[in-house]
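Enquirer: So the sequence shown is numbered by the numbering used here: it starts at 11 and just counts up by one.
Take these hints with a grain of salt, some might be off.
What the hints assert, rightly or not - Okay, the calculated beta carbon distance ranges per label pair:
#1 Asn18 x Asp122: 16 to 22 Å
#2 Ser113 x Ala84: 30 to 36 Å
#3 Val52 x Glu127: 22 to 28 Å
#4 Pro104 x Gly74: 26 to 32 Å
#5 Gly28 x Pro104: 18 to 24 Å
#6 Asp86 x Gly37: 19 to 25 Å
#7 Glu125 x Asp86: 35 to 41 Å
Everything labelled a hint here was simulated from the structure, so no lab data went into it.
Here a beta-carbon is modelled for each residue, glycine too, at the ideal position from N, C-alpha and C.
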Amino acid sequence: MVLGAGINVQQCHLPVPGATSLRLETGNDAAVPTRSAVLTGVLAHFSRALDRASVDPAAQLGPGGELRRELESALDTLGRRVLVHLPGRNAPLPATAVGLGASGQLRVRDDDGREHEYGAGDVVHVRPGPRAPEDAGHENERPR
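Taking the hints into account, I'd like the entire structure generated from these sequences.
Expert: See the structure below:
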């Protein structure tokens, strides 16, 4: 497995629209944790989640699993329109991100109502778009 994540800690100027940092979010330099404290916290959280999943993977991560529900509730992409850029396809696939697949893939519903699951090896890019029309007015229902 290859896993990657980035957390902007001290940055004030970010080159990508919509990006932020802990420093910008807190607005208080004294409240910004050190990079090592952030890493320690992330790894501790990951370790606890891995321990929970290891006890009974199917129960925790399968449909209706407690850990799976927690993961899905934290994913800001779910419920949003996305464009899935696939290898060998000229135009992106417009869809709505609807959940996680059986093995953690991104599950999307295309405009014809068909659901597809895409793993990291299948997806070139996934770009969040505006919320789906049926979600308009409900932006604040799920925590970010």
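Enquirer: Confirm or reject each hint.
Expert: Against the structure, the hints:
no., hint, result
1, Asn18 x Asp122: 16 to 22 Å, "violated, 38 Å"
2, Ser113 x Ala84: 30 to 36 Å, "violated, 18 Å"
3, Val52 x Glu127: 22 to 28 Å, "holds, 26 Å"
4, Pro104 x Gly74: 26 to 32 Å, "holds, 29 Å"
5, Gly28 x Pro104: 18 to 24 Å, "holds, 20 Å"
6, Asp86 x Gly37: 19 to 25 Å, "holds, 21 Å"
7, Glu125 x Asp86: 35 to 41 Å, "violated, 20 Å"
The earlier numbered hints that this structure contradicts are 1, 2, 7.
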